[in-house]
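**Q** Each chain, written out:
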Amino acid sequence: MNTPLLEVVGLTLTAGGRAVVEAAEFGLAAGEHLAVIGPNGAGKSSLVHALIGDTTPAAGAIRLGGRALADWPARERACRVALLPQASALSFPFTVAEVVRLGRSPHASGSIADRQIVAETLAACDIAHLRDRPYTRLSGGEKQRVQLARVMSQIWRVEDADDRLLLLDEPVAALDLGHQRLVMRQVAALAAQGVAVVSVLHDISLAARYADRMLALRDGQTIAAGTPAAVVTAERMQRLFDTQTRVITHPDTHTPVVLHG
Amino acid sequence: MSPRRLVWLLALALPLCLLAAVMLGAVRLPALDVLAVLVGRDEGMQRLALIVRQLRLPRALLTALVGALLAICGAAMQGLFRNPLADPSLIGVTAGASVGASLVIVFAGGAAGFIGLSLVSLGAFVGGTAAVLLVYRLATGPQGTSVATMLLAGIAIGALAGSIGSLLEFHADNEMLRRISLWRMGGLDGANWSRVAIVAAVAALIFVVLPRQADALNALLLGESEARHLGIAVDRIKRQLVLLTAAGVGVSVAVAGAITFVGLVVPHIVRMLIGPDHRWLLPASALAGAILLLVADTLARVVVAPTELPVGLLTALLGAPFFISLLRRRREYGL
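Sequence lines, in order, name chains A and B.
My numbering numbers the first residue of the first sequence as 1 and each following residue consecutively.
My numbering numbers the first residue of the second sequence as 1001 and each following residue consecutively.
Okay, chain A solo, but in the shape it has when bound:
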């Protein structure tokens, strides 16, 4: 078997002397989608931020393409790993197209190719009609789709890099039902072209529908890891979220669906 695109071994992260993630362990091959679930403050965001090198692990290792993440030069890493943060505080009136184009700034792919990529990612996120509008005037959901288009454009092309990793911290939090589905399908389409995806999702049923594997965190501890069907059980939901749920199987997709108990 090839070396996985992303390897996380015994990863422990601390913040202010407290462990926020403990001994997390997983590997991700090209094209795989891992969804991280868990209650607020479980360490999900800390985990994805560590995967782009924002924090130095207290213990353990993160390897991207067989090489320690910290050893990648910043620009080369930026050509391979992109992160959609939970919130962005852009307060300058860039147009939507300009914001998305910023995702291309680590690359030297030329303005013609970049324009093409911007057009493609705008269409993928259903914001092509907003391309000349100032970002600051958009609604929350529109802003989120613009930011998503920006990080997608960063790792959009196969020729940009061999190993491409997309990190999504609550990508659909502000989106309506239709756009949630659109965004998850676009992420799946990127994965189909070899991009590995790690997403933080609060909608367990949505995560189970689109992810290949799931990682359940609580207080930084790995509670469960594996296929959606293996991870999402009523008993685990109780343990993760301290709440009653019913888990049924979706009649069409056969993935687990969590109902409020």
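If you're looking for bench data, these hints aren't it; they were derived computationally from the structure.
Don't be surprised by glycine CBs; every beta carbon is placed ideally from N, CA and C.
Incorrect hints may appear among the rest.
[Said to hold, decoys possible] The following label-pair restraints were derived from C-beta to C-beta distances:
{"hint": "1", "chain 1": "A", "residue 1": "Thr-55", "chain 2": "B", "residue 2": "Ala-1201", "range": "36 to 44 Å"}
{"hint": "2", "chain 1": "B", "residue 1": "Asp-1235", "chain 2": "A", "residue 2": "Gln-244", "range": "31 to 39 Å"}
{"hint": "3", "chain 1": "B", "residue 1": "Leu-1009", "chain 2": "A", "residue 2": "Ala-61", "range": "53 to 61 Å"}
[Claimed, not checked] Not the full set, but computed from the structure, chain B residues with beta-carbon under 10 Å of chain A:
{"hint": "4", "residue": "Glu-1169"}
{"hint": "5", "residue": "Pro-1211"}
{"hint": "6", "residue": "Asp-1215"}
{"hint": "7", "residue": "Ala-1219"}
{"hint": "8", "residue": "Glu-1226"}
With chain A held as given, fit chain B onto it using these hints.
**A** Frame of chain A; chain B shown alone:
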């Protein structure tokens, strides 16, 4: 307006403004004669040539350079702080420079300066740069530089400098007080060729280096971690920007006193016209800053000729109402 068109328009307008600044003043000079002197054909026009070469031309060049420096440094600062209302004086440059100048005025009186800079200017430069470096040191910790801490430190240094300034004024006599307050209003009447040379050297460095950081500044507007995720060496860029702006604003304050609002208002007007893309914003701001200060300084010399108004007074008079209208209408600009 397309960014390219604005830069071209400004680049064409700047020489005209320079020419007007040389022509207009207490004595009005004919354009053709001025042009003749500028290209070195000054037979029979010794007096006019003297006015142009020794007074008006160095002053016009110094004015343009200072205006350009203040505006481009303001644009860079606003990008660095991700705050469209930031101003170089925010990080303590003006306050520090003011203390430096006051200290010299009160304690060193009329002592001689060196290479064309008066001791007051040197005091201002040292005070301004020291304040910036102090603010930067305060805001830099093991986790990098915090922009929020930097703003707060700038406010604290400003307050401290303000009280030291007041203390000095308390000790000063009438003549010193007048010099301090004139210095605070800003003015370009001390222009000479060695000052032009000093400012031109700093300006050349800034005009070459800052535009090369335009892409990094654009990425920084998204947020510091977002910029880092795009492969930008954020800490190195921040250090470079702080040092360059300190030098740029410091030297401007040293030769021209506290000229307010140019650094704030000019990048704003430009952003409203062509958007926040620093690849165009930086050169367009520099050109527009040069033009604005040239116009203000020419007005300052003409309206109450033969005496002149301090130019800082005019920029504040023009800038403050504009700033207020900006605050009232900030939603429209999508700020």
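**Q** State for each hint whether it applies.
**A** Evaluation of the provided hints:
1. A/Thr-55 / B/Ala-1201: 36 to 44 Å: holds, 42 Å
2. B/Asp-1235 / A/Gln-244: 31 to 39 Å: violated, 49 Å
3. B/Leu-1009 / A/Ala-61: 53 to 61 Å: holds, 56 Å
4. Glu-1169: violated, 38 Å
5. Pro-1211: At 15 Å from the nearest chain A Cβ, B/Pro-1211 fails the 10 Å test, so the hint is violated.
6. Asp-1215: Holds - the Cβ of B/Asp-1215 comes within 10 Å of chain A, reaching about 6 Å at its closest.
7. Ala-1219: holds, 6 Å
8. Glu-1226: holds, 7 Å
Checked against the numbered hints listed earlier, the structure breaks hints 2, 4, 5; every other hint is satisfied.
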